[in-house]
Every structure is written in structure tokens, then in C-alpha cells.
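Number of protein chains: 2
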Amino acid sequence: MGNGLYFGIDVGGTAVKMSLYSSKEDSMVENCSIPSIKNEDENILIGNIVRKMKEMSAEAGVSISEVSGIGIGIPGPVTADGKVLKCANLGWDIVDLTTIIKELTGVENVEAGNDANVAALGEIWKGAAAGYKDAVMVTLGTGVGGGIVIDGHIRAGHRGAAGEIGHITVEPEESEACGCGCRGCLEQYASATGIVDIAKKRFGICKENLTAKDIFDAAKAGDEKALKTVDIFAAYLGTALSNIANVIAPEIFIIGGGVSAAGNIIIEKVMEYYEKNSMYALRDIPARLAKLGNMAGMYGAIKMVIGR
Amino acid sequence: MGNGLYFGIDVGGTAVKMSLYSSKEDSMVENCSIPSIKNEDENILIGNIVRKMKEMSAEAGVSISEVSGIGIGIPGPVTADGKVLKCANLGWDIVDLTTIIKELTGVENVEAGNDANVAALGEIWKGAAAGYKDAVMVTLGTGVGGGIVIDGHIRAGHRGAAGEIGHITVEPEESEACGCGCRGCLEQYASATGIVDIAKKRFGICKENLTAKDIFDAAKAGDEKALKTVDIFAAYLGTALSNIANVIAPEIFIIGGGVSAAGNIIIEKVMEYYEKNSMYALRDIPARLAKLGNMAGMYGAIKMVIGR
Chain A
1 MGNGLYFGID VGGTAVKMSL YSSKEDSMVE NCSIPSIKNE DENILIGNIV RKMKEMSAEA
61 GVSISEVSGI GIGIPGPVTA DGKVLKCANL GWDIVDLTTI IKELTGVENV EAGNDANVAA
121 LGEIWKGAAA GYKDAVMVTL GTGVGGGIVI DGHIRAGHRG AAGEIGHITV EPEESEACGC
181 GCRGCLEQYA SATGIVDIAK KRFGICKENL TAKDIFDAAK AGDEKALKTV DIFAAYLGTA
241 LSNIANVIAP EIFIIGGGVS AAGNIIIEKV MEYYEKNSMY ALRDIPARLA KLGNMAGMYG
301 AIKMVIGR
Chain B
1 MGNGLYFGID VGGTAVKMSL YSSKEDSMVE NCSIPSIKNE DENILIGNIV RKMKEMSAEA
61 GVSISEVSGI GIGIPGPVTA DGKVLKCANL GWDIVDLTTI IKELTGVENV EAGNDANVAA
121 LGEIWKGAAA GYKDAVMVTL GTGVGGGIVI DGHIRAGHRG AAGEIGHITV EPEESEACGC
181 GCRGCLEQYA SATGIVDIAK KRFGICKENL TAKDIFDAAK AGDEKALKTV DIFAAYLGTA
241 LSNIANVIAP EIFIIGGGVS AAGNIIIEKV MEYYEKNSMY ALRDIPARLA KLGNMAGMYG
301 AIKMVIGR
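From first to last, the protein sequence lines stand for chains A and B. For what it's worth, my numbering labels the leading residue of the first sequence as 1, then goes sequentially. For what it's worth, my numbering labels the leading residue of the second sequence as 1, then goes sequentially.
Derived by calculation from the structure, the hints in this document are not laboratory data. Honestly, I wouldn't trust all of these hints.
Note: identical chains are not told apart, hence a pair may lie in one copy or across any two.
As the list claims (entries may be wrong) - Here are the simulated EDC-like pairs of lysine to aspartate or glutamate, each with C-alpha atoms no more than 20 Å apart in a straight line:
#1 Lys276 with Glu174
#2 Lys86 with Asp197
#3 Lys133 with Asp151
#4 Lys220 with Glu173
#5 Lys52 with Glu66
#6 Lys200 with Asp217
#7 Lys276 with Glu171
#8 Lys200 with Glu173
#9 Lys17 with Asp151
#10 Lys126 with Asp217
#11 Lys291 with Asp231
#12 Lys228 with Glu268
#13 Lys102 with Glu66
#14 Lys83 with Glu251
#15 Lys86 with Asp96
#16 Lys213 with Asp284
#17 Lys276 with Glu176
#18 Lys83 with Asp284
#19 Lys126 with Asp231
#20 Lys83 with Asp217
#21 Lys225 with Asp214
#22 Lys54 with Glu66
#23 Lys86 with Glu40
Between the sequences and the hints, there should be enough to build the whole structure, so can you do that?
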């Protein structure tokens, strides 16, 4: 337990968000952010993170080595033992991140995880799924990400690739390829760009700089084409959630990311299709909007190393 | 640890298979089977099972209460804490099976699980996935069942419904309903009857009493329609496995059940579509044919309670 101070670090493509959490006060005692630059040698970014942790620890009156734990979320695949595997978002190759951080800080309790998985853990600890032990979190942004927590633990899986929900096949007839090279992935219909694509290609909505938000706003105002677009989005996402339930039957679904700012219309429409497509025993699994926003990653990173 | 004697019990719709395993000898010391009758009061069947366990223990020279553990597989949903939820195959309502068995035997170490999940655990312990910690097992029989083991433990999930792989939606355009009420479930194409349906409906193969075995035999002999039928079966199952991998990224897939007697043609064809449809990081997850056959359930039941 030590002094009950934990670092939660959320490494993103442009910034690294860092929080120092006190378990005694049950709150973040310091928050800060440093830039991250893509394709830099990983040792430069890791060195900057460690330097900042040392500063933040000093301000809290402790040496970095006295900190009780360090949790880190990474925008790429991370194995269960904390190895980062070729993180395209950072331009990293394979990096044994937890070992490096342990060596540089003298802290033994260090964990790393994929950022979407870590965010799901954050929502379980302090957010929309507080009190649950399992959750599947879907993040609807530029892409579609997924985080899986089973029995209170992040599921990393083979090559750290568990939770790649955006690449579940939902449309076997699709002719266009997804970024992953396959066809008919959920991401092609449920990401911000996917929703805009549906509106443009299937319903000829052709406003300049059309966004997913515009479509949800129009749907809320009763626009027919926008409603049909939302229906198609919801059918694909609802079916995907139902397929996920058939595999691991989680206690709850959480929907987050920029697109989820559209609010309850997302939950209502998606769960309509979810229920229609689910077996009786799975039909009552609830879904909620994510609560923690950008803080989910830091909370989840801390949760990885707290109370172990 | 005690005397190292464990009961593994596999409750089926027509028979209950029971084995007594000795961890000291690492082998089954007794096997037997008693009939199970559907829609009987559950207490009758449970009473018969306990009576038989007492007999078998006595033959092994111990009293039932001295046995080190009892594991039970049930052909229906079972929660993580061993409650059987409305088992249609036995005509049971909700039965707190582990508590009842504990009371009737005096044995504390009792676990129950869904038979497909338990079989997957058996294959991990002594079968096709020996040495692995995770596995997803698909059982291709009259229906399509699924078993999920994560980090060495059965995943029961919400209402014991994890691993309902047969009800993953793989064909959104399907017009006919599956037994579960939804449309386009994997079971409609990958079960023994589903494969025959593909051959009849899409390729007009109309031999009397056509079986899945006939179709695989014809495919092996080069028959074009049979090969096309197998291709469609394999595309649906391969896509479903790929979707499962996107969720939990298991270490290995196991394919069992009566249909899998067709042999390696199943693995080859299914994995061809699996790889085509999978993200790079997931493409090398292997698949193997199940090894233990009818013994998987008993081995898995024992594994639930051994070494805990």
C-alpha cells in the first residue's frame, strides 16, 4: 500500500495525460499533460514521462521510487504482461514498457494496457459501470474501439488484440475495404466517418462538412433520412453488441467516444436492435453512456495497479 | 487435497456419465453411466447421482464425504456460482445445484458449469488444447454449442449465457428464423442440419436422409455442389470465429461435435475463411479438432474442482 499515491498515465497520439491519485483522499492530487510526438524514439517519450513523474512526485513530497504504483494506457496493442506491440499511433515497434518503467523509477507495481481496455476499467471503477465486475465498452470516434473487462481485469488476449470490436464483421456483402483490409467491419458504419458515409451513400445527404453530430441533430429534429441513417448505424452496432454478448455475456455495455455525445438517442436506438437480435437470456444486459470522458484512461490506469 | 479422488459428472438429456478420478494415479479409476429422464423432478435425478457417487466411493474404499471434489456439467445455462437456470434439456427450473450437492454429500469443493464450457475446460486440461490457458471450443452437432475458457477458468457470464456461439448473427439477410427466434444465427448454417439445409436449398442436393457426413464425404471426393456447400458452411463459421477473436482473442480454437468427425477438411476450410476475415494480429490463432470426444465433459468437470 505504501503512501497510497498512484500515477495514472494516458498516452495519446498528441498528448500524454498524467494524474497523481491519492488513495487516502480518493482523489487526483495533481493533473498535467505533456506533448507526445509520433515516430520519435520511444525512449525520448518514456524519458519525458518519467521526468514529469519525478517532478509531480517531488511536488507531492515523495520520491518517485516511493510511489505505490504506476498504470499506463497506450493507443495500441499491449500484452497481458505489459509489452507494447508495434504501436502505429506512436510509431513504436515492440517495447517492453513495464520493465523499462520499473527500471527507470524503482517502482515494482507497474502495469500497461491498451487505452480502450484501460478506459473500460476506468468506467467500471469510477464511471458508468461503477459496481460492475464485467463491462464491454465501445468507443465511437474517428474509428470504433473496444475495451473488455472480465471479472475486474482487462482482457488483453492474443497479441494484445482483444476488444477489437470495430473489426467485427457486420456486413458480409460490403464491397469497400476497411482500414484493416477486411470488408464489412463495424467501424465502416458506426464510426463518425462511417455514419457520415451511410448518410451520403445510401440517402444522398450531401451537406458540406457533414458530421455525425449533424446527422444525430437532424434525426432528433425528425428528419427522415437522418433517422434512417441512425437506424442503419444502430442496427449494425446493436447486432455487434448482441454477438459480443453471445461470446462473453458481460454485465453491462458502455458506449463512449465523440459520437456518444449525441446522448440517449444512441442507447435507445442501439438497444432496440440489440434486443431484437439477442437470445432471451441476454436481452436484459443494460447499456449506458460513458461518464468519465477523457479521464477514463487515467482512472483505469490507476485501477490497474491499485489494490493488488 | 485429501485423498485426491474427484468426481467428474456429465449430465446429458438421456444419460449421466460419471467418472471417479484419482489425482495420485492421474487417471479415471471408475466410470459409469445412469439414465437421466427429462421432466422428472430434479431431486430424483440429483438423488440418483448422489446414490451412485456413494456406491462408487465405497468401491474405492472411501466415504463420499471424504472425496476431494465434485464437478458437474449441465446441458443448460449455469451461473458462475453454480446455479442452473431453467435447463430446458432436463425440464428443470432454477436449481441451486452446488448447494444441494454440498448438503447431500458433505463435500465442500463442488462446482457446476454449462456442459459446453466444461468440455472446453476438459480439452484444455487433457485434450486438443493441453498447455493453453484460453480456448474457445465450438461444438458442431444437432445445434452449435460453444465453450469459453479464459485464463484457465470457465466464463459463465450473465445468466450463464456466455459461449452461445451458435447464436452469433452471421447472415443479416436471412429470412428464416432460428430456434432462438432470431434470424441468421450461425447454428442455421454450421450445425449438422444447417449444413444439410445449405446443400438442399442452395444447391438442390436432394438425396433421401442426406446427412452432413454425406456432404463432407462428397466434398472430399471432389463433388462440386458439396464443395460449394462446405465453402458456405466454412465462410460462416470462419467469420464467426474471427468475430469471436475480435472480442476475446483466445489462444486457440477447438472444433468438436459430431460434424467435426469429417476431420481436417473442417479445420482447413474454416481457417481459410477465418484468416481472410481477420485482422493481422489475430490471423495466426490456431484451430484444432477436439480430442476427448465424450470424455471431455468428465475431464472438464474434474478440472473445475482440482487444484483449487
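- Would you list, in rising numerical order, the hints stated earlier that this structure does not obey? Checked against the structure, the hints that fail are numbers 2, 4, 9, 10, 11, 16, 19 and 20, while the rest are satisfied.
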